[in-house]
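> The primary structure of each chain is shown beneath.
2 protein chains.
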Amino acid sequence: MKKNLGKLIGLSLGPGDPGLITRQAYEALTGEAQWCYPVKKRGAESYALSIALAAGLTPPEGHQALLFPMTHDPEKLLAAWKQAALEVLELLSGGRDLLFLVEGDSSTYSTFGHLARTLKQLEPLVPIETWAGVSSFNAAAARLEMPLAEVDDKLAVIPAGYGVAVIERLLEDFDRLVLLKVKPVLDEVIDLVERLDLIPYCRFIEKAGSPEERQVLDISTLRGQKVNYLSLILIHHPNRLPEELKRGCKKVEP
Amino acid sequence: MKKNLGKLIGLSLGPGDPGLITRQAYEALTGEAQWCYPVKKRGAESYALSIALAAGLTPPEGHQALLFPMTHDPEKLLAAWKQAALEVLELLSGGRDLLFLVEGDSSTYSTFGHLARTLKQLEPLVPIETWAGVSSFNAAAARLEMPLAEVDDKLAVIPAGYGVAVIERLLEDFDRLVLLKVKPVLDEVIDLVERLDLIPYCRFIEKAGSPEERQVLDISTLRGQKVNYLSLILIHHPNRLPEELKRGCKKVEP
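Going line by line, the protein sequences match chains A and Z.
Residue numbering for the first sequence follows full-length UniProt numbering, beginning at 1 and increasing consecutively.
Residue numbering for the second sequence follows full-length UniProt numbering, beginning at 1 and increasing consecutively.
What the hints contain is simulated information worked out from the structure, not anything from laboratory work.
The reader is advised that the hints may include incorrect statements.
No farther apart than 20 Å at their CA atoms in a straight line, the calculated lysine to aspartate or glutamate pairs in the DMTMM-like style are these [said to hold, decoys possible]:
| # | chain 1 | residue 1 | chain 2 | residue 2 |
| --- | --- | --- | --- | --- |
| 1 | A | K82 | A | E145 |
| 2 | Z | K183 | Z | E194 |
| 3 | Z | K120 | A | E145 |
| 4 | A | K76 | Z | E150 |
| 5 | A | K7 | A | E87 |
| 6 | A | K183 | Z | E90 |
| 7 | A | K183 | A | E194 |
| 8 | Z | K82 | A | E123 |
| 9 | A | K76 | A | E61 |
| 10 | Z | K181 | A | E145 |
| 11 | Z | K40 | A | E123 |
| 12 | A | K181 | Z | D153 |
| 13 | A | K181 | A | E168 |
| 14 | Z | K40 | Z | D73 |
| 15 | A | K120 | Z | E145 |
| 16 | A | K207 | Z | E129 |
| 17 | Z | K181 | A | E150 |
| 18 | Z | K7 | Z | E61 |
| 19 | Z | K183 | A | D153 |
| 20 | A | K226 | A | D173 |
| 21 | A | K181 | A | D218 |
| 22 | A | K207 | A | E168 |
| 23 | Z | K207 | A | E168 |
| 24 | Z | K7 | Z | E90 |
| 25 | A | K7 | A | E123 |
| 26 | Z | K226 | Z | E206 |
| 27 | A | K82 | Z | E168 |
| 28 | Z | K183 | A | E150 |
| 29 | A | K120 | A | E168 |
| 30 | Z | K120 | A | E61 |
| 31 | Z | K183 | Z | D173 |
| 32 | Z | K76 | A | E150 |
| 33 | Z | K183 | Z | E213 |
| 34 | Z | K181 | Z | E150 |
| 35 | A | K181 | Z | E150 |
| 36 | A | K183 | Z | D73 |
| 37 | Z | K7 | A | E145 |
| 38 | A | K120 | Z | E75 |
| 39 | Z | K207 | Z | E61 |
| 40 | A | K7 | Z | E145 |
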């Protein structure tokens, strides 16, 4: 095993607003560590890197893009993760710490988990840390002034692509839903929540906490529109039949 | 209506580690704004305030505790929220901005939502902002090096007090569960996940991201133990029957 390996840090940068970068992430970005960051294609821009640049930071010489292609072909994905892990291992072999820049939170729908796992398989003793950040749906809730969860709420977060039958079933069971990646099923979701009289309890946001943010409070106005890939809908089901908690606190309905 | 009201800001401080305070929150805390923060009893310490103190910050003169009692009596709660909102309105009437310090994220199981709503009822034109932060379960996932969600995972976050029947049902439907406030039902949860052969896929953490943090990777060792109120369990159901996404990405199982 190689000696004096640097540490890999999954560095969460929050959803885009440089003000939502944590203090420890910012401090690391102004320190001695090397940077790497995911791109979808060779030569493409990295959204994670753009957040650090928007914070006025300058990448260290030798900063490196790692390719995480937009595919669901398991073979291609495994090959890409392995290649990225090999490049990371090479960067770490000099002993310098390496920041893997992540948009949002590095534990939440992030490429960092795949990279960390693949790297551990190549080199079990490599030191890896995950540093938490503000996730896109926490930022969305704040910007929309719509709590993500309150008191004893049950919260579900799902990609909307599971379809409206799944979403309708979850609305029977959950007080709050976060529907991610709503783009491909937006009209069907609008039809569903209209049928359930929940339009006033839905809010839409695109690129929450970034300069291009767009909020839509009446989601029925979005019917037929094209929306960004980074868009989500929050739903608060206000009339869900309250369940009794078995232990702990009871449901409060003041 | 009063003129020149200051702005109320729901200021998220993250789960306890001062490094997880966002840059914009830290900047606001070093500025001209007044501070207030929740306490459970008159004269009690405020966990939110302690995070700002741990960051080396000094509260401005006149900083104020607001009482949010630990009760589920709707009448007492409404009275407390109204009293807190009146105190906030008084503080804002001087025109100075007011930071309401929140542990974790101010949209996620926070008292801030109640305060903001009650204040809006008293004075609809008062300016209110919510500033996002790192939630306790994002910090827990990072510290435990266990992703909160990956690829097309479905994630549910619930107070564990709903009981093991609810938890067992959710495990059929969700890839990832966050069980909050596990203290009163801990032994029953351990029995359940043992029966489902999921012990290796559970991790426990107490006071994530604080100096008193405790991690337990084999939760069966916790049977019969008393744990802190601020403790949670992450479960990753690795063998859940994959559903096909109707639209968007397919489930990846490499």
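> Hint by hint, note whether the structure agrees.
Consistency of the hints with the structure:
Taken as a hint, the K82/A and E145/A pair is broken in the structure, with Cα atoms around 41 Å apart against an allowance of 20 Å. With a C-alpha separation of about 17 Å, the suggested pairing of K183/Z with E194/Z holds against the 20 Å cut-off. Only pairs whose Cα atoms come within 20 Å are accepted, and K120/Z paired with E145/A is accepted, the gap being roughly 12 Å. With a C-alpha separation of about 17 Å, the suggested pairing of K76/A with E150/Z holds against the 20 Å cut-off.
The hinted pair formed by K7/A and E87/A meets the criterion: a straight-line CA distance of about 14 Å does not exceed 20 Å. Restraint check for K183/A and E90/Z: the C-alpha separation of about 44 Å exceeds 20 Å, so the hint is violated. The suggested pairing of K183/A with E194/A holds, with an alpha-carbon distance near 17 Å, which does not exceed 20 Å. Between K82/Z and E123/A the CA atoms are separated by roughly 57 Å; this puts the pair beyond 20 Å, and the hint is violated.
With a C-alpha separation of about 30 Å, the suggested pairing of K76/A with E61/A is violated against the 20 Å cut-off. A C-alpha spacing of about 25 Å is found between K181/Z and E145/A, which places the hinted pair above 20 Å, so the restraint is violated. At roughly 48 Å between alpha-carbon atoms, K40/Z and E123/A are farther apart than 20 Å, so this suggested pair is violated. A C-alpha spacing of about 12 Å is found between K181/A and D153/Z, which places the hinted pair at or below 20 Å, so the restraint holds.
In summary, the hint linking K181/A to E168/A is supported, as the alpha carbons are separated by about 17 Å, within the 20 Å threshold. Between the alpha carbons of K40/Z and D73/Z the distance comes to roughly 14 Å, so the proposed pair stays at or under 20 Å and holds. Taken as a hint, the K120/A and E145/Z pair is honoured in the structure, with Cα atoms around 12 Å apart against an allowance of 20 Å. Of the pairs offered as hints, the one joining K207/A and E129/Z holds, with about 18 Å between alpha carbons and a cut-off of 20 Å not exceeded.
Restraint check for K181/Z and E150/A: the C-alpha separation of about 14 Å stays at or below 20 Å, so the hint holds. Pair hint K7/Z plus E61/Z holds up; C-alpha atoms about 18 Å apart against a cutoff of 20 Å. Between K183/Z and D153/A, the direct Cα distance comes to roughly 17 Å. Compliance with the 20 Å bound is thereby established for this hinted pair. Of the supplied pair hints, the one linking K226/A and D173/A is violated, its CA atoms being roughly 30 Å apart against a limit of 20 Å.
For the suggested pair K181/A and D218/A, the alpha carbons sit about 18 Å apart, so the restraint of at most 20 Å is met. Of the supplied pair hints, the one linking K207/A and E168/A is violated, its CA atoms being roughly 25 Å apart against a limit of 20 Å. This hinted pair does not check out: K207/Z and E168/A have alpha carbons roughly 35 Å apart, beyond 20 Å. Pair hint K7/Z plus E90/Z holds up; C-alpha atoms about 12 Å apart against a cutoff of 20 Å.
A distance of roughly 12 Å separates the Cα atoms of K7/A and E123/A; the hinted pair therefore holds under the 20 Å criterion. For the hint pairing K226/Z with E206/Z, the CA-to-CA distance comes to about 11 Å; that is within 20 Å, so the pair holds. Of the pairs offered as hints, the one joining K82/A and E168/Z is violated, with about 35 Å between alpha carbons and a cut-off of 20 Å exceeded. Using a Cα cut-off of 20 Å, the hinted pair K183/Z and E150/A holds, with the two alpha carbons roughly 19 Å apart.
A distance of roughly 40 Å separates the Cα atoms of K120/A and E168/A; the hinted pair therefore is violated under the 20 Å criterion. Restraint check: the Cα-Cα separation between K120/Z and E61/A comes to about 51 Å, which exceeds 20 Å; the hinted pair is violated. Between the alpha carbons of K183/Z and D173/Z the distance comes to roughly 24 Å, so the proposed pair goes past 20 Å and is violated. Between K76/Z and E150/A the CA atoms are separated by roughly 17 Å; this keeps the pair inside 20 Å, and the hint holds.
Pair hint K183/Z plus E213/Z holds up; C-alpha atoms about 15 Å apart against a cutoff of 20 Å. Restraint check for K181/Z and E150/Z: the C-alpha separation of about 24 Å exceeds 20 Å, so the hint is violated. For the hint linking K181/A to E150/Z, the alpha-carbon distance of about 14 Å falls within 20 Å, and the restraint holds. With a CA separation close to 42 Å, the supplied pair K183/A and D73/Z exceeds the 20 Å bound.
Between K7/Z and E145/A the alpha-carbon distance is near 14 Å, which keeps this suggested pair within the 20 Å criterion. Between K120/A and E75/Z, the direct Cα distance comes to roughly 54 Å. Violation of the 20 Å bound is thereby established for this hinted pair. At roughly 30 Å between alpha-carbon atoms, K207/Z and E61/Z are farther apart than 20 Å, so this suggested pair is violated. For the given pair, K7/A sits about 14 Å from E145/Z by alpha-carbon distance, which is consistent with the 20 Å threshold.
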